[in-house]
Structures are given as structure tokens and as C-alpha cells.
Amino acid sequence: MKTLRIYIVIAFITFCGFNAHSQLIGKGSNETIVLENAEIHTVTNGIVQGSVWLEKGKIKAIGEVNAPADIKRMNCQGKRIYPGFIDSGTSLGLKEIGSISLTQDAREIGEFHPQMDALTAVNPNSILIPVTRVNGITTVLTVPEGGYYSGLANLINLWGYTPNQMDANFKGLVMNYPSTGKRGWWDRRSPEEIKKESEKALKKFDTYWEKAEAYQELYEQASGEVVYNPELEAMRMAVEGKMKVLLECNSKEDILAAIKWVGDKNINAILTGVKEGYMVADSISKAGIPVVTGPILAVPSRSSESYDIAYKNTGIMQKAGVEVAIRTDENENVRNLLYNAGFAAAYGMGIEEAVKAITIVPARIFGVDKMYGSIETGKVANLFICDGDPFETKTTIEQVFINGWKIPMESRHTLLYDEFLERNPGLQNKK
Amino acid sequence: MKKILLSHIFLLFAIALIAQDRGNVLIKGGTVLTITKGVRENTDVLIEDGKISKIGQDLKAKSGIQTIDAKGKFVMPGIIDAHSHIGIDAVNEATSPVTAEVWVGDAIDPYDVSLYRALAGGVTISHAMHGSANAIGGQCETIKHRYGTEDPEILRMKDAPRTIKFALGENPIRVHGEGNRITPNTRMGVEQVFRNAFSEARAYRQSWNDYNAGKIAVAPTYSLRMETVADILDGKIIIHCHSYRADEILMLMDVCKDFGVSKLVFQHVNEGFKVAPELADFGAGASVFSDWWAYKFEVYYSTAYNAAILTKNGVLTSINSDSGELIRHLYHEAAKSQKYGDLTDNEALKLITINPAKQLGIDDKVGSIEEGKDGDIVIFDKHPLSIYAIAQKTLVDGIVEFDIENDAEDMRVYINPEAEIPAYIQEEKHDHDRCMQGVYESVFEGH
Amino acid sequence: MQRISIILVLLIIATLNAAAQDPSDYRLSKNLVIKNVQIISKAGASPILGDIVIENGIITEIGLSTKAPNDAEIIQGDSLFAYPSFIDAYSHTAVPKHEKKEDLPKVKNPGQPGYERAGITPNRLVEEQLDITDKSVEEMRKLGFGISHCVPRGGMISGQGSIILLTDKNQSPFIKKNISMNGSMKSARGRIYPSTVIGVMAKYRDLVTQARNSQTHENKYESNPVGLTRPNYDREIQALYPTLAGKQKYFMQGEEAKDIHRIIELNNSLKLPLVIAELKEANSALEKIKSNNLTVLVSLDLPDTIKMEKVDSTKAPDPKREALIKRKQESISNYHNNTKAIIEKGIPFAFSFLNVKAKDIPKNLEMIRKTGASDEAVLSALTTDAAKILGISNVAGSLEKGKFGNIILTTGLLFEEDRHIAYNIVEGIAYKNEKKTKKPTKENSEAGSLSGSWVLVASLGDNDQSGTLVLNEIDGNISGTITSTEGIDSDINDASWNGNRLSFNFDSEVDQTEVNMQVDVRVSFDSMIGTITIGPLGSFPLEGSKSPSPKK
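Chains as they are written, first to last, in my numbering: chain C, 1 to 431; chain V, 1 to 447; chain P, 1 to 552.
No lab work stands behind these hints, which were simulated from the structure alone.
We put the CB at the ideal spot given by N, CA and C, even for glycine.
A hint or two may mislead.
[Said to hold, decoys possible] Result set (BS3-like, lysine-lysine): computed pairs, CA atoms no more than 30 Å apart in a straight line:
| id | chain 1 | residue 1 | chain 2 | residue 2 |
| --- | --- | --- | --- | --- |
| 1 | C | Lys-196 | C | Lys-319 |
| 2 | P | Lys-177 | V | Lys-158 |
| 3 | C | Lys-394 | V | Lys-296 |
| 4 | V | Lys-358 | C | Lys-312 |
| 5 | C | Lys-196 | P | Lys-177 |
| 6 | C | Lys-319 | P | Lys-320 |
| 7 | V | Lys-158 | P | Lys-290 |
| 8 | V | Lys-382 | C | Lys-394 |
| 9 | P | Lys-186 | P | Lys-320 |
| 10 | V | Lys-215 | V | Lys-158 |
| 11 | P | Lys-176 | P | Lys-142 |
| 12 | V | Lys-158 | P | Lys-186 |
| 13 | C | Lys-394 | V | Lys-28 |
| 14 | P | Lys-177 | P | Lys-388 |
| 15 | C | Lys-56 | C | Lys-286 |
| 16 | C | Lys-286 | P | Lys-320 |
| 17 | C | Lys-319 | V | Lys-296 |
| 18 | C | Lys-196 | C | Lys-56 |
| 19 | P | Lys-401 | C | Lys-195 |
[What the hints assert, rightly or not] A partial selection of chain P residues facing chain C, derived with a Cβ cut-off under 10 Å:
| id | residue |
| --- | --- |
| 20 | Glu-265 |
| 21 | Leu-324 |
| 22 | Val-515 |
With the sequences and hints as input, model every part of the structure.
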């Protein structure tokens with residue numbers, strides 16, 4: 001009897017303990033709901049006071065909505081609603097733990113692997129995803145790395161149990177324009193060596209593109225009856241201009257060279273990185289190529305450059321007429337997208353434009369602005385409710401909706417907080 | 001452009017001339033965030049001979065003293081970074097699990113432009129640390145950002161106590177166990193490195209005492225390494241220990257208790273929140289990242305609420321940078337403690353001012369705006385915890401070291417005549433392992 | 001046994017060969033008289049006409065009516081000037097670099113690599129590395145040097161240096177052996193302790209204290225060993241005793257101001273008899289050097305001035321780049337002004353030659369003079385001051401009775417342009433420097449001058465490309481522009497010219513792509529022939545001829 005009681009007690013403790021220690025995120029719910037009395041930052045149509053009606057994953061109505069009485073309501077008095085923020089360059093879902101290579105799925109072997117499809121390797125259950133989305137980031141571009149033709153980046157929503165559920169309907173070919181910069185402060189190559197190497201690299205880079213062009217012609221001539229070549233097949237759409245090309249280039253010299261490279265081709269290009277865009281903003285603007293830049297919280301790329309130039313870069317490009325979106329180029333801390341945008345806002349871009357750079361601008365650049373990037377009727381219900389300016393650190397993001405799903409506002413970080421703020425048992429002295 | 005160049009030359013010249021001096025300046029009418037004595041609106045701060053001499057309303061300065069109008073602005077003590085590696089030429093002497101004898105203060109690099117960039121983010125003092133390759137690494141140096149000098153001595157904060165870097169977990173294991181096949185190869189091994197070193201140093205000191213007392217005829221073989229470890233045991237050096245996991249944090253506290261060592265600050269200490277009651281009980285400090293995690297396995301079970309949990313459990317907590325990038329916006333890193341754990345404004349600001357000062361043993365001189373303390377001040381245009389705040393002026397010892405009105409593009413102190421004109425350098429994507437600087441870079445060298 | 005005899009035979013053959021190669025050895029005499037020469041006995045002295053007599057390598061007489069031994073070689077000094085030969089206060093002269101890469105075994109415990117692997121070899125004597133037939137000896141001698149303080153190659157404490165005469169004709173080149181202990185901040189190679197500057201500095205503190213204690217221990221043991229632990233008698237540690245006692249100066253390499261600050265700070269605790277060697281830029285450290293009463297050896301390794309690029313009016317001005325170039329130029333001037341600043345501060349100094357290439361020495365001395373350093377100070381640094389620092393003032397540094405017969409005979413005053421060192425006499429042995437016949441390419445020969453306009457033709461497979469090259473040569477510095485037939489101008493870069501070979505490169509557009517082209521040609525009078533390498537396409541033949549220059 002006594003033992004039985006002990007068992008029960010142990011079982012009870014274990015059960016409670018398990019509950020208390022489970023770092024599992026709760027389930028979401030797909031809701032039809034009216035978010036009432038909110039200050040709605042639509043991004044595309046200014047600020048609207050009123051309600052947002054979500055139904056079947058879409059925004060059904062905005063402002064004064066006539067929803068039937070039986071529909072669930074949430075009072076958002078004093079709150080703001082923003083469209084879900086979009087990070088235009090991350091490795092979220094592809095990488096888990098930085099130093100453990102077996103948890104890294106962003107970088108394939110070799111210099112040319114354009115067929116590598118990021119969506120394939122997105123882990124919907126990455127512990128990093130909830131940590132990100134509770135900060136109001138609903139959508140990210142996840143980007144493969146390495147080589148000159150890295151693979152296919154994919155826009156994903158940060159909710160779903162399969163990659164397909166997360167797919168936000170944009171794929172782009174990631175290419176790294178051969179760099180003439182130094183690889184790091186430890187790079188001791190002379191300018192001549194660098195030049196030589198980059199010329200060699202550029203030749204390879206070019207040759208591969210030409211191959212893909214030839215393949216595409218052949219493909220058309222043979223009406224698709226060609227020998228299986230997954231690399232060139234993956235590039236066919238890009239060569240035709242039907243798939244966007246994300247072309248990474250950062251130094252002033254490389255940006256100009258990349259613009260020139262794009263110039264004489266039928267490419268739908270997006271420049272990414274573009275750290276020294278401020279030096280050649282007019283050239284970028286003139287070329288009419290959109291830009292994804294970031295991280296904003298970065299040091300200048302030359303020792304002789306101004307301390308705050310990375311903060312200012314986005315604003316300078318935007319003012320020169322470049323369509324510019326912001327990325328964190330991060331993984332575990334994609335959540336800092338808000339603050340990257342916040343710094344850009346503080347250093348010349350202004351809040352309104354900075355918000356656009358993480359909402360409607362990337363949606364437009366990626367060609368998904370019919371679905372994402374603003375609070376408009378008919379768009380996907382990706383949005384969040386907060387109690388103030390979301391760039392300010394004091395502001396709380398209270399509720400996030402992705403595809404109309406009410407997301408549990410939990411992550412490993414919040415769960416650990418809940419568990420350990422007042423640890424029980426607390427301090428126990430031995431002896 | 002010409003104007004910029006001229007002002008730039010003038011500025012460099014000016015900085016070079018005044019680097020060693022102590023300034024006199026009156027900062028008028030700002031909102032003064034004293035940290036230790038509340039927020040004082042519309043208040044003047046007078047700095048004389050590099051020290052804060054008076055705080056109050058309508059202060060009058062002697063004629064000729066520079067006046068800074070801070071109306072509508074926020075005046076706070078210079079930010080202190082308890083963990084960085086800027087301004088030094090060497091970080092890791094990664095060749096032995098114990099290298100207590102080395103001292104990064106020997107390798108101060110006054111040319112590092114990161115110092116200026118830190119000033120531009122309001123940071124006036126940083127704790128230039130040895131890396132984390134060794135269980136007992138080298139001694140660190142607390143430096144004042146007196147940028148513009150070529151003399152390393154000027155950067156030294158001479159009256160700061162000695163500190164030393166310890167390291168637990170993956171880094172020393174990777175370097176020595178995996179790298180060289182010598183202990184430590186496990187967290188068990190790391191413990192024994194400390195126990196061995198402490199025991200050996202105790203014996204070493206004893207034999208010198210015996211020699212000096214005439215009990216033995218021949219002096220023991222001198223070892224700067226053992227001298228240093230013995231100084232730790234004697235409480236002359238504060239331990240700053242790179243740590244992540246809860247178990248290893250507890251281990252070091254146990255070792256320290258066994259050897260009577262009490263001056264202990266944990267660095268990074270990502271799982272500090274799990275043992276916050278024990279840390280508070282020991283009286284150990286914790287200097288944490290605002291939100292870094294998941295870059296290696298030992299930080300996978302972390303939370304950005306760490307600083308808040310520690311603070312609310314009574315642990316002396318600071319937020320550090322460990323990075324030449326982050327050090328430029330520590331005020332923003334501190335602000336994240338409001339997002340992650342709702343700390344009050346003052347609690348958040350303490351994380352980057354008086355608390356790190358206490359952890360470095362310099363809180364009697366800096367870390368708050370109080371009469372008698374050093375004139376290390378930063379003036380922000382908005383409240384420093386706002387994302388939109390931009391530092392306007394940063395003063396060290398009453399000397400304006402950063403002034404946004406007078407900020408030239410190229411702020412290098414020194415140019416190597418044989419180096420090329422600065423080329424674009426790709427920033428390392430994840431700068432998390434600055435602590436391991438000097439250990440792996442040679443892998444990249446030579447392509 | 002057999003092995004030994006083979007070695008012996010080899011040695012003998014080698015010696016015979018060496019002797020056979022240079023029959024002049026038999027004629028050598030260390031007795032010499034220079035007649036009727038303008039004598040500048042030391043820096044700052046006015047020329048006095050007279051003879052100099054050298055017997056057995058030593059100056060025995062200076063004056064108007066001298067008596068010379070019968071077998072003395074005679075040099076007619078008419079129209080020549082006699083100066084004391086120069087003294088190199090610090091270098092690796094006669095200490096050749098080991099060519100083969102050492103394939104050292106992996107150290108078991110990188111934290112305790114042992115003294116040698118750590119670069120701590122204070123017991124090493126430069127003698128062990130010395131090769132008096134090394135080409136560096138002749139190179140220095142040609143430039144007027146008679147004496148070198150040569151120091152061993154090695155790590156943080158490389159060993160002991162000696163003073164030698166730059167002549168291989170005598171039995172032994174040494175004047176004074178092991179006068180110096182030499183060190184640097186060099187870390188150990190191959191990831192072993194000390195692998196960083198902080199490790200090196202800690203190691204210095206450790207070693208010096210250990211050596212002091214160890215010496216005390218040895219003394220104690222010597223006076224009464226009863227009941228005492230035996231000393232270690234580490235030879236590395238023991239080798240430091242003379243330095244600790246102040247009998248052997250410690251020459252420490254410190255180039256940048258920041259290194260110098262560090263060394264001085266370190267030595268505040270080590271208290272070694274410090275001389276800072278190979279100093280390049282004292283700048284902010286001047287005051288510290290002065291107040292610590294230090295002697296320095298200034299490196300003659302100076303950075304090149306930046307060739308100012310021509311402003312291309314077609315390109316948009318780049319003020320940013322110009323500002324950067326300007327700052328770099330300032331930094332270079334700082335280096336060049338270093339010596340002058342040291343003179344003005346009154347810091348005792350001589351020159352050191354560890355890193356400078358021999359061919360750059362005259363040019364760099366000239367550069368230092370141009371900054372305003374006086375001729376007297378520069379010459380003193382090369383003679384009397386160097387002698388003083390090395391402790392050989394009584395035998396070298398000036399032309400005086402009883403001193404070494406180390407004399408240079410020049411065709412003009414020392415710092416005059418176009419003067420030539422006709423002889424360098426080292427310990428009475430005269431080395432004649434043949435004056436290089438001027439290449440037929442100097443300005444004085446219009447036909448061979450590079451400057452001017454050239455028409456170039458490159459044979460690119462089936463089509464030829466031509467262009468115009470305008471060259472401008474001033475004192476060996478070459479700039480120029482190349483213009484294609486399409487009228488595209490490109491400045492030439494990295495031009496080098498050795499009197500008959502010219503090479504440079506330039507960037508040009510080919511099919512809207514910037515391509516780097518490298519030109520390599522041999523020039524004779526008014527034609528050039530060679531190759532042009534076009535980016536990745538490869539090399540093609542190139543010929544050029546000079547257009548007649550318009551008369552000015």
C-alpha cells in the first residue's frame with residue numbers, strides 16, 4: 001500500500017515535472033476572427049482605425065466590417081496591427097546549430113549546384129522558427145549558400161508542419177558574383193593575386209551561364225527532349241527571365257561589375273548584399289535593379305569608412321530611388337529583423353520606409369505582393385498585433401497570425417523564462 | 001569634401017594633442033540618467049580635471065570652460081563593456097591549457113579603429129579579454145577608449161584591478177583535447193585543470209614563503225604562471241570565466257569555494273538563468289549576451305530572457321558585446337532586456353554601466369554619474385533605450401572623444417605605409433567566436 | 001674512419017678550389033699607401049690633402065711626407081676623397097638564410113616545446129651561421145661598408161652577435177666576438193608556445209627572472225655546495241648572464257611605434273641593457289626613448305614613395321580615394337622623417353640593415369638626407385656613432401693612427417651626386433669598384449632614352465593591334481599612358497625598368513570587359529621587342545619603335 005502511494009506520488013511529480021519542463025510549443029488554431037478597434041498599419045493604404053476580419057486564412061475585410069455576431073472577436077483597443085514582417089535573406093529552417101556541421105543544410109559541395117532546392121531541406125520543426133515568428137516575422141526567404149550558383153532560395157511562412165505548408169510561392173536562383181574583395185581581415189592576398197583569382201572565377205561564372213543559355217536553346221529546339229542535366233535544367237527558367245536571380249555582390253567594384261553583367265542579358269535580377277551600395281546608389285537606381293541588403297547592424301567593410309555607414313546604406317539607396325528590402329542574413333537571430341529595420345529607420349530611412357522594406361517592398365521584389373506585404377482585403381492573413389511601435393524594444397508583439405492561424409506566442413525562450421524565473425526547487429544547501 | 005577633409009585633419013590633430021589630458025566641460029540642461037541616483041531632469045553636469053565635480057541646476061563654470069548644450073538630450077554615464085577583444089593585437093595564446101602568465105595588456109593596439117566605433121556607440125571602457133581557448137587563459141586589461149594616441153599605455157585604465165580569463169566547455173576541450181590530445185577532453189578534465197593549477201600554485205607560493213623565511217636554502221624555480229595563479233588564490237585577480245552550461249558553472253563555483261576564491265564573474269553564461277539562485281548565493285557576477293544562442297551546442301538551450309531572470313534573482317548582471325560590431329550598440333542590447341523580461345529603464349541601463357563596472361572592480365570610479373567619478377559621459381538625442389537613439393557626444397575623462405558634429409569618415413589613427421589603400425573586406429558572417437580568435441584564423445591564411 | 005677521410009679529402013679539394021679560383025690572393029698585401037688624397041678623417045672634418053699609410057691592416061701614418069713599407073701597394077689618390085669606411089651596426093650580413101624549409105617533427109606538448117623550438121637560443125653564436133663568402137658581404141662592401149655587426153637568425157632570442165670585417169681575405173673576419181644578445185618579439189613557429197606577442201612577453205619575464213635566480217643559486221653553490229640542491233646549469237639560461245650583468249647589450253627589434261612602446265614597457269621590468277634595433281618609426285615613442293636614455297638603430301628599410309598618378313580628366317574625380325592616398329603619403333613621410341626626428345631629439349643612433357635590400361641603401365640614405373637630416377649626422381651614424389654603440393670607437397669609425405685601415409676612396413664628396421666609390425679598403429686590402437658604364441639608356445643618350453612616344457604593334461593571331469605608348473622616365477620612375485587605335489587611354493602600372501628590360505601592365509577594355517594586359521619587352525635604342533599577355537587569353541608577340549621626338 002505504502003509503495004503504491006509512493007508510486008502515485010512519483011507518477012504525479014513526474015507528470016507535473018514533465019509538463020513544466022516540456023519545451024513543446026502549443027498548437028495553433030485556424031480562426032475566423034475579427035480583430036476590433038485596432039490601429040491598422042496597412043502599409044499600402046496608410047493607417048486605418050477599425051477591424052480586420054480574418055477568414056479561411058485570408059483577410060476578408062478591413063476597417064468597418066460587418067461580420068456576423070457569432071464570429072469570434074478580439075478587442076484590440078490601443079493596439080496596432082501590422083502585416084507580417086518579411087526577412088529577405090536568412091538560412092532559417094536549413095541550419096540548426098552553428099558549430100555542428102551535421103545540422104547545417106545550406107551549403108552543398110562544389111561551385112555549381114543551382115538545382116539545390118532550399119525548400120527540400122527546410123525543417124518545419126526547427127526550434128529556431130518559433131523564436132523568430134513570435135517577434136512578428138511571419139515570412140522569410142531561406143537561402144542556400146556556397147559556390148557560384150548556390151541553388152534555389154525559397155520564401156517560406158513560419159508556420160506549417162511540412163515544407164509545402166510553409167511555401168510562400170517564390171523561388172529564386174542564388175548566384176554569387178565572384179568577389180574582388182578580401183575574404184576577411186586575415187586574407188593576405190595581394191591586390192594582384194585577388195585580381196587574378198577573381199578573373200579566373202568570373203570566367204567560370206560566365207562560362208556556366210553560357211552553357212545554361214545554350215541548354216535552354218537546345219531545349220526549345222528539341223521541345224524538351226534533352227539529356228537529363230539537373231544543373232542546367234534548374235537554370236532554364238532563370239535564363240529565360242522567368243525565374244528571378246538573386247545576385248550577391250557587396251563591394252563597390254563588384255556591384256558595378258554585377259550591374260554590367262546583368263545589363264546585357266535577359267535576366268530578372270535582384271542584387272543581394274550590396275554593402276557598399278551607398279557608394280554607387282545612382283548607378284543601381286539607373287539600372288533599375290531591386291536590392292536586398294543587410295544585415296544593417298554591421299561594421300563598415302573598410303577601415304577607412306564611417307562608423308555608421310552600414311546603418312545608413314539602406315536609406316541612401318532608397319532615397320536614390322532603389323527599391324530596397326532588408327535582410328538579416330541571420331539564422332537563429334532572424335528575430336532581430338525588427339531592429340535591423342529600426343536602425344535603418346533611425347539612420348536616415350525613416351520609419352515608414354523601413355517598415356516597407358520588410359513588408360511590401362520584398363513582396364513586390366519577389367513578385368508575391370498580391371498575397372503578402374500589406375494588410376489588404378484578399379491578401380493572406382499574415383499579420384501581428386502589438387502594443388506600440390514594433391521597432392522599439394519595449395513593445396510587445398502580442399499575437400501573430402500566419403495564413404490565418406493564430407500562432408501560439410511561445411518559443412523555447414519564453415518557455416525557459418516561464419520555467420526558470422522562479423525556479424522550484426530554488427536554492428538548496430547541501431550538507 | 002574639402003571641408004570634411006580639413007575638419008578631419010583638424011580633428012585628428014586635436015585628438016592626438018589632447019589624448020593624455022583630462023578635460024573641463026560643463027554639460028548643461030540635459031536629462032541626466034545618473035543610474036545610481038535616479039533621473040534628474042534639466043540638470044547640469046560639471047566636469048573638472050577629468051572628474052565629475054558637480055551635478056545640479058544652473059551650475060556656473062569658470063570662464064573658458066567648454067559648455068555643451070544638452071537641452072532635450074539624455075546624459076548617461078559612459079557605457080562599459082565587460083567583454084570585448086577590441087584594441088588588442090593578440091587574443092589567444094592557445095598553446096597550453098593554462099597560460100595565466102600571458103597578459104593581453106602587453107598587446108594593446110591603440111590603432112584599432114573599433115575603439116572609435118565603440119565610442120560612437122557611447123562605450124568609454126571595455127574589458128579587453130584573452131580568448132577562451134584555455135581553461136586558464138591570460139590576464140585581461142580594462143581599457144579606456146582614449147582614442148587618437150599611438151601610445152598603448154595611455155589606453156590602460158591603470159587603477160583597474162587585475163582580471164583573468166578562464167574558460168569552460170567546448171572551446172578548451174576542442175583546442176586541447178581534440179586538437180592536441182591532452183587534458184581537457186571533457187568537462188571532467190576541465191575541472192581537474194583548475195584543481196591541479198590551484199593546488200600547484202598553493203604549493204608554489206608555500207615554497208617561496210619557506211624560502212623567504214629562510215626555511216629552505218635554494219629558491220624554487222620561478223614561474224610567472226604559478227605566481228599569477230597564486231595571486232588568484234590570494235584574491236588579487238578577478239576571474240572572468242567563459243561559460244555556458246549550468247553544470248560547468250556550478251563546477252567552477254565549487255572549485256572556487258574549495259580554494260577560497262570569491263572574486264568570480266561568469267562570462268556569456270548562457271545557462272546562468274538555470275542556476276541563478278546558486279550564482280546569487282555565491283555572489284558571482286554574470287555578464288551575458290542580450291540574445292546570442294544556437295551558434296554551438298552548448299548554447300542551444302538558451303533564452304534571451306537570461307539577463308532578466310538573473311537580475312530578478314539578484315545576480316549582478318551585465319550585458320556585453322564580445323564583438324566589434326555589437327559594442328557599437330550596447331544601449332540597444334540592454335534595451336532588449338525590456339523586451340525579454342520587462343526590466344525597468346534603470347535596471348536595463350545598469351546592465352551596461354554600474355553593473356559591469358562592479359564586475360570589473362571599477363565602480364568606485366565609473367559606471368554612474370556621481371560627483372567624484374570620472375567624467376566618462378555619453379549624450380544621446382533620445383532616450384538610450386529607444387531604437388532611434390543616436391549618440392551625439394562621448395566623453396572620456398571630460399575629453400570629447402566622439403562628436404557626431406565633427407565625425408570624419410576616415411578615423412584611422414595610423415596608416416601602415418606599406419599597406420594598400422583599404423579594400424573591401426567581407427565581414428565574417430557569424431562573428432560569434434571572436435573568443436577563439438588566433439586559434440583558427442591560420443586555417444584560412446594562405447587561402 | 002673511412003668516412004672521415006673522405007670528408008677530409010673533400011675539404012681539401014674544396015679549399016684548393018677556392019684558392020685556385022682567386023689567384024689575386026697571392027698578391028695581396030696588408031700594407032698599402034694612398035698618396036695625395038683629400039682626407040676627411042671623420043664626419044664633419046674638413047678635407048686635408050695627404051697620404052695614408054696602412055701596415056698590417058692598421059693605419060700607421062696620415063700626413064704629408066710619409067714613409068711606406070717597400071712592399072706596400074700604392075694607390076694614387078689624386079682627385080679622390082678618403083673617408084672612413086661605413087659601419088653597419090646591425091644586420092645579417094654574412095649570415096645567409098637557410099634555404100631549405102625545416103621539416104620539424106610535431107611537438108608533443110605544444111605548451112612546452114623546449115627552448116630551441118620556442119626560438120630561445122641565447123647560447124647560439126653567430127659564428128655558427130657565419131659564411132664570409134656570402135654575397136651579402138660583397139654587396140655591403142661595394143656600398144662602402146667595412147665592418148658589420150652581424151647577428152644570428154632565429155626566434156625571440158636568436159643568440160649572440162659579433163663584429164666582423166667585411167673581407168674574406170684574412171684568416172678570421174672577427175673584430176670582437178659575441179658582443180651582443182639579440183632578440184625580437186617573434187613568436188614560435190608552428191602553433192607552439194609562445195605563439196603570440198603576449199606569450200613572448202610573458203616568456204621574457206619568466207626567463208629573465210629565472211636567469212637572475214639561477215645565477216644567484218650558482219654563486220651560492222660555488223661558494224658552498226654543502227646541503228644545497230645542485231643548480232640546473234641550463235646553457236640557455238647561463239648564456240643570459242652577461243646580458244643581465246650589463247656586459248652584453250640586448251639588441252631588440254622594434255619597428256613600429258607601438259612595438260617600441262611595448263619593448264620599453266617590458267624592459268622597465270626586465271632592466272636589460274637595451275638597444276632598440278631596426279626601428280622604423282619612433283614618432284610617438286620619441287619622448288619615451290629619450291627619457292629612458294635608450295640608444296636606437298634606425299632601419300634603412302623605408303617604404304617607397306607613392307608614384308602620384310596622373311589625373312585623368314576623362315574619369316570622374318574620386319576625392320575619397322585621393323584623400324586615402326594623401327593619408328598614406330603622410331604616413332610614408334613620417335617614416336622618412338624618422339631619422340631627422342631622432343637627430344633633433346638628441347637620441348644616440350646608428351643605422352641597422354636587417355631588412356633593407358642592399359640596392360636600396362643609397363637611395364634611402366638620400367631620402368633621409370632630403371628630409372633635412374644633416375650630412376654630418378648621417379655620416380656619423382654610419383661611422384663614429386656606430387663604432388661607439390658597438391664599443392669599437394678606439395679602432396674604427398674614423399681615419400686615425402692606430403685604427404683599422406678601413407677607408408673608402410670616392411671620386412667626389414660623399415653625398416655629391418654621381419660620386420663613385422672607387423675603392424673600399426678593408427683592413428688594408430683594397431677592393432676596387434669598377435664604375436658601371438652607364439647604360440646607353442640615360443637621358444644623355446637620346447637614342448636610348450625611354451621617355452618619348454612609341455608605336456606598338458601586337459600580333460594577335462590573324463590581326464594586328466597597334467597603339468601608342470607615351471613613356472616618361474625620371475630617375476628610374478616610369479609613368480606612361482597607352483592609347484589604343486580606338487582612342488582609349490589607359491595608364492600603365494607597376495612599371496619596372498632595369499636598363500634594358502621594361503615591364504608594366506595596364507587595364508583596357510576588350511568587348512566591354514576590363515582586361516589586364518602585361519607587357520614585357522627588351523629595349524634597345526629606339527626599338528622594343530617582347531610580349532604582351534592579355535588577361536586569360538595568353539601571350540602574343542609585341543614590337544615597338546620610337547617615334548622621333550619633337551625638338552623642345
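To see whether the hints hold, each was checked on the structure:
| no. | hint | verdict |
| --- | --- | --- |
| 1 | Lys-196/C with Lys-319/C | 36 Å, violated |
| 2 | Lys-177/P with Lys-158/V | 43 Å, violated |
| 3 | Lys-394/C with Lys-296/V | 28 Å, holds |
| 4 | Lys-358/V with Lys-312/C | 35 Å, violated |
| 5 | Lys-196/C with Lys-177/P | 49 Å, violated |
| 6 | Lys-319/C with Lys-320/P | 21 Å, holds |
| 7 | Lys-158/V with Lys-290/P | 23 Å, holds |
| 8 | Lys-382/V with Lys-394/C | 14 Å, holds |
| 9 | Lys-186/P with Lys-320/P | 36 Å, violated |
| 10 | Lys-215/V with Lys-158/V | 36 Å, violated |
| 11 | Lys-176/P with Lys-142/P | 23 Å, holds |
| 12 | Lys-158/V with Lys-186/P | 27 Å, holds |
| 13 | Lys-394/C with Lys-28/V | 28 Å, holds |
| 14 | Lys-177/P with Lys-388/P | 16 Å, holds |
| 15 | Lys-56/C with Lys-286/C | 42 Å, violated |
| 16 | Lys-286/C with Lys-320/P | 22 Å, holds |
| 17 | Lys-319/C with Lys-296/V | 39 Å, violated |
| 18 | Lys-196/C with Lys-56/C | 57 Å, violated |
| 19 | Lys-401/P with Lys-195/C | 61 Å, violated |
| 20 | Glu-265 | 26 Å, violated |
| 21 | Leu-324 | 6 Å, holds |
| 22 | Val-515 | 8 Å, holds |
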